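Sequences are here, hints too, so could you generate the full structure?
Residue numbers (the numbering used here), protein chains in the order written: chain W, 1 to 386; chain E, 1 to 386.
Take these hints with a grain of salt, some might be off.
Where chains are identical, the list cannot tell them apart; a pair therefore holds if satisfied intra-copy or between any two copies.
Stated by the list, open to error - Straight-line alpha carbon distances no greater than 25 Å define the calculated SDA-like cross-link-like pairs of lysine to any residue that follow:
hint : residue 1 : residue 2
1    : K43       : G207
2    : K51       : G39
3    : K21       : K124
4    : K11       : G56
5    : K349      : E314
6    : K7        : G252
7    : K42       : T120
8    : K82       : E58
9    : K357      : F275
10   : K21       : F4
11   : K42       : V80
12   : K7        : E20
13   : K127      : E25
14   : K153      : G276
15   : K21       : F6
16   : K7        : K124
17   : K231      : N2
18   : K228      : L119
19   : K7        : Q176
20   : K228      : P205
21   : K7        : E237
22   : K124      : T18
Keep in mind the hints are simulated off the structure, nothing from the lab. Every value quoted in this text rests on a predicted model; they were computed, and no experiment measured them.
2 protein chains.
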Amino acid sequence: MNNFEFKNPTKIIFGKDTIEKVNEEIPQDAKVLMLYGGGSIKKNGIYEQVKNALTGVEVVEFGGIPANPEYETLLKALQVIKDENITYLLAVGGGSVIDGTKFLSSAALYEGDTPWDILTEKIKTEKGMPFGTVLTLPATGSEMNSGAVITRKETKEKLGMGGPGLFPQFSILDPQVIVSIPQRQLANGLTDAFTHVLEQYMTYPVGGLLQDRFAESILQTLIEVAPKVVKDPSNYEAASNFMWSCTMALNGLIKQGVPGDWAIHMMGHELTALFGIDHARTLAVVTPSHYKYNFEAKKEKLAQYAERVWNVTEGNQEDKAYAAIEKTEAFFHQLGIDTKLSDYTSDYKGTAEEISKRFTDRGWNGIGERQALTPQDAEKIVKMTY
Amino acid sequence: MNNFEFKNPTKIIFGKDTIEKVNEEIPQDAKVLMLYGGGSIKKNGIYEQVKNALTGVEVVEFGGIPANPEYETLLKALQVIKDENITYLLAVGGGSVIDGTKFLSSAALYEGDTPWDILTEKIKTEKGMPFGTVLTLPATGSEMNSGAVITRKETKEKLGMGGPGLFPQFSILDPQVIVSIPQRQLANGLTDAFTHVLEQYMTYPVGGLLQDRFAESILQTLIEVAPKVVKDPSNYEAASNFMWSCTMALNGLIKQGVPGDWAIHMMGHELTALFGIDHARTLAVVTPSHYKYNFEAKKEKLAQYAERVWNVTEGNQEDKAYAAIEKTEAFFHQLGIDTKLSDYTSDYKGTAEEISKRFTDRGWNGIGERQALTPQDAEKIVKMTY
Numbered sequence: 001m002n003n004f005e006f007k008n009p010t011k012i013i014f015g016k017d018t019i020e021k022v023n024e025e026i027p028q029d030a031k032v033l034m035l036y037g038g039g040s041i042k043k044n045g046i047y048e049q050v051k052n053a054l055t056g057v058e059v060v061e062f063g064g065i066p067a068n069p070e071y072e073t074l075l076k077a078l079q080v081i082k083d084e085n086i087t088y089l090l091a092v093g094g095g096s097v098i099d100g101t102k103f104l105s106s107a108a109l110y111e112g113d114t115p116w117d118i119l120t121e122k123i124k125t126e127k128g129m130p131f132g133t134v135l136t137l138p139a140t141g142s143e144m145n146s147g148a149v150i151t152r153k154e155t156k157e158k159l160g161m162g163g164p165g166l167f168p169q170f171s172i173l174d175p176q177v178i179v180s181i182p183q184r185q186l187a188n189g190l191t192d193a194f195t196h197v198l199e200q201y202m203t204y205p206v207g208g209l210l211q212d213r214f215a216e217s218i219l220q221t222l223i224e225v226a227p228k229v230v231k232d233p234s235n236y237e238a239a240s241n242f243m244w245s246c247t248m249a250l251n252g253l254i255k256q257g258v259p260g261d262w263a264i265h266m267m268g269h270e271l272t273a274l275f276g277i278d279h280a281r282t283l284a285v286v287t288p289s290h291y292k293y294n295f296e297a298k299k300e301k302l303a304q305y306a307e308r309v310w311n312v313t314e315g316n317q318e319d320k321a322y323a324a325i326e327k328t329e330a331f332f333h334q335l336g337i338d339t340k341l342s343d344y345t346s347d348y349k350g351t352a353e354e355i356s357k358r359f360t361d362r363g364w365n366g367i368g369e370r371q372a373l374t375p376q377d378a379e380k381i382v383k384m385t386y
Numbered sequence: 001m002n003n004f005e006f007k008n009p010t011k012i013i014f015g016k017d018t019i020e021k022v023n024e025e026i027p028q029d030a031k032v033l034m035l036y037g038g039g040s041i042k043k044n045g046i047y048e049q050v051k052n053a054l055t056g057v058e059v060v061e062f063g064g065i066p067a068n069p070e071y072e073t074l075l076k077a078l079q080v081i082k083d084e085n086i087t088y089l090l091a092v093g094g095g096s097v098i099d100g101t102k103f104l105s106s107a108a109l110y111e112g113d114t115p116w117d118i119l120t121e122k123i124k125t126e127k128g129m130p131f132g133t134v135l136t137l138p139a140t141g142s143e144m145n146s147g148a149v150i151t152r153k154e155t156k157e158k159l160g161m162g163g164p165g166l167f168p169q170f171s172i173l174d175p176q177v178i179v180s181i182p183q184r185q186l187a188n189g190l191t192d193a194f195t196h197v198l199e200q201y202m203t204y205p206v207g208g209l210l211q212d213r214f215a216e217s218i219l220q221t222l223i224e225v226a227p228k229v230v231k232d233p234s235n236y237e238a239a240s241n242f243m244w245s246c247t248m249a250l251n252g253l254i255k256q257g258v259p260g261d262w263a264i265h266m267m268g269h270e271l272t273a274l275f276g277i278d279h280a281r282t283l284a285v286v287t288p289s290h291y292k293y294n295f296e297a298k299k300e301k302l303a304q305y306a307e308r309v310w311n312v313t314e315g316n317q318e319d320k321a322y323a324a325i326e327k328t329e330a331f332f333h334q335l336g337i338d339t340k341l342s343d344y345t346s347d348y349k350g351t352a353e354e355i356s357k358r359f360t361d362r363g364w365n366g367i368g369e370r371q372a373l374t375p376q377d378a379e380k381i382v383k384m385t386y
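Put into structure tokens, the structure is as follows:
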């Protein structure tokens, strides 16, 4: 097991009818900017629940944060924060709204030239404007971590940011919100969380026995509840385990003391930036090819995953490892998620080269668990997804 | 799954040669009281490591905190805190030293008549004097939770306390400390952590699928590493997984959204208070009898535990549930831990009645997962341990 440091101060308020607790968590003298997305919270009643709960504090609203939170839109919200002397942010939404709120938390206190520097110069945010979240879409885990990914349309870029100042002060997780989530988003959320675990688990063994088992626990639980959640989102047992699994998949716990890969995300982000494909779907596209390309490096963990998560008992280590890739792809298909780039666009020619060039331009000469995958490797992997 | 609220702000610094980081975590203007136990840290070099690391801050020492931290001793430390205007506490030790430090953290800021009230009146500590820990003995999980158990010899009492103000600000976990721990303490630590998980897992099912799997993950890991840790404490892979499992067993994560039992601890505490038996050993004494006595209520989870943790495949649900109890007892025996009260004392006559009377006197009319076990039930369970 590798050395690690771990601290996660976010307060989780989990369960039925917990949205009404939002008011207890925000200081009464705060001036709050409530941020949300395209307005689905107005249809499903969550907007009303939050507004009714927020008594005694002054609230300004900013709606319209798109999926893959967009820099230009966020700059408008930043102006509102400054014009209105906002002191507290409240994200009501999924990963995109929460990620956007994290950017604003950082940018609101940033003193440099332009807040885009936070992303390009990889500035670690030690202190941000305080914020909380009401989660409406389980998937990204952003409700209990300090990272965010921001998109800039103008330059077709999608970059990460973070820092210890960007943990939500609180996050409210009411699994009942799942009832109103479209099937497509449920499938995306399941795929996203599943891949988050894989990125932290499907590497090379370092004797993190407990971490491996925790990762396998989340995978097994997602596999168990996925068909139930999709079939009947009002199944509270399935919904609550789905929601808690998504949070635990990326709240920092399972990555402690073990290597992480994240090459799937790095390639996937480019597919979203280039084609606008849903984040989760890009991960499902890259995962099988990435594991096939890096088979030798990952076969030991792939075989362990096959045995413990998919109950594969037949064959030798390599057979099991291959079976694991097939089972994973079949799991995505079962959720209605396609796993080839050509399923999403006919315009895929040149994509691999473009991504390779972008990585080279950014100086990303070694990505993945051993920082050993070159832009040329990425090119070959992306080609395998055609 | 039940509703829950979860927040754990302790910073964990885990790994080889991490003790030297202690100085980075304590404010340079602090006046520190360094607390430790019977002096083993002076023999094994940990005292030197901590003292050498602590540069720039003023440090006063208080040694001699005994196992089952004793109220009268702690009052002396409290006097030192007041006389020396201490502002920060540093526990260097195992669960007893850390628990004692938590009591002091609370008592130092307590404004009532006598600090014993904190225990008898179940006062929830919202704010304590800040403290950190350097863990020398994996077992109790006290390094990453906000609870403590304090003993008062005078009255043969052992009572719990806690509150959100009693999380360590940081805890340093260097698995290399395990090398110098006596076999007896290693066996105790493994048993203690194992039983902590059981208390939060072996209840009745409420659909906490992920929590169940996390609990099973810790149990499986402890079972896997236990013989290795005992045989060769310098096996770093085994030691590090042992240490992290102990922390995860009682840092609040696996109890979220599921019922807890803790009746084993309540009966076990009395055996320590009455006979001075090591805490962990009292748990091993009570566990099999408690599960046999409450077999009907627990058989579903016992069978699940048998299947998933002990790989029991034969028999019906009841057979598996019985097998689980036998496997658990055998695990304790394998560690050299006796599981009958009569193995520890020939003076056990009347113990069950005495414990039953104590519970009645304290108004503990219903303990356990459904608050349904009466003092009479406890009497019968303790009799089964003779």
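Each hint tested on the structure:
Taking the shortest Cα distances, K43 and G207 never come within 25 Å of each other, neither inside one copy (48 Å) nor across copies (30 Å). In this assembly of identical chains, the alpha carbons of K51 and G39 lie at most 25 Å apart only when taken from the same copy (14 Å versus 58 Å across copies). Taking the shortest alpha-carbon separations for K21 and K124, only the inter-copy value of 21 Å comes in at or below 25 Å, while the best intra-copy value is 31 Å. For the homomeric pair K11 and G56, the shortest alpha-carbon distance inside one copy (22 Å) is at most 25 Å, but the shortest distance between copies (34 Å) is not.
Taking CA atoms no more than 25 Å apart as the test, K349 paired with E314 passes in neither setting, with 39 Å inside one copy and 56 Å between copies. Within a single copy, K7 and G252 get their C-alpha atoms as close as 8 Å, and across copies as close as 14 Å, so both meet the 25 Å cut-off. Taking the closest pair of Cα atoms, K42 and T120 never come within 25 Å of each other, the shortest separation being 35 Å inside a single copy and 50 Å across copies. For the homomeric pair K82 and E58, the shortest alpha-carbon distance inside one copy (15 Å) is at most 25 Å, but the shortest distance between copies (44 Å) is not.
In the homo-oligomer, the alpha carbons of K357 and F275 lie at most 25 Å apart inside one protomer (16 Å), although the nearest pairing across protomers, at 72 Å, exceeds that limit. In this assembly of identical chains, the alpha carbons of K21 and F4 lie at most 25 Å apart only when taken from different copies (12 Å versus 34 Å within one copy). For a Cα distance limit of 25 Å, the shortest separation of K42 from V80 inside one copy, 21 Å, qualifies, whereas the shortest one across copies, 59 Å, does not. For the homomeric pair K7 and E20, the shortest alpha-carbon distance between copies (19 Å) is at most 25 Å, but the shortest distance inside one copy (27 Å) is not.
For the homomeric pair K127 and E25, the shortest alpha-carbon distances inside one copy (19 Å) and between copies (18 Å) are both at most 25 Å. Taking identical chains as interchangeable, the C-alpha atoms of K153 and G276 lie at most 25 Å apart only when both belong to the same chain, with a minimum of 10 Å there against 69 Å between chains. Proximity of K21 and F6 under a CA criterion of 25 Å is satisfied inter-copy only: 14 Å between copies versus 28 Å inside one chain copy. Taking CA atoms no more than 25 Å apart as the test, K7 paired with K124 passes in both settings, with 15 Å inside one copy and 23 Å between copies.
In this assembly of identical chains, K231 and N2 lie within 25 Å of each other by CA distance solely across copies; the values are 22 Å between and 41 Å within a copy. For a Cα distance limit of 25 Å, the shortest separation of K228 from L119 qualifies neither inside one copy, at 38 Å, nor across copies, at 46 Å. With identical chains, the CA atoms of K7 and Q176 are at most 25 Å apart between copies only, with a shortest distance of 22 Å across copies and 29 Å within one. For a Cα distance limit of 25 Å, the shortest separation of K228 from P205 across copies, 18 Å, qualifies, whereas the shortest one inside one copy, 32 Å, does not.
For the homomeric pair K7 and E237, the shortest alpha-carbon distance between copies (22 Å) is at most 25 Å, but the shortest distance inside one copy (29 Å) is not. With identical chains, the CA atoms of K124 and T18 are at most 25 Å apart between copies only, with a shortest distance of 23 Å across copies and 32 Å within one.
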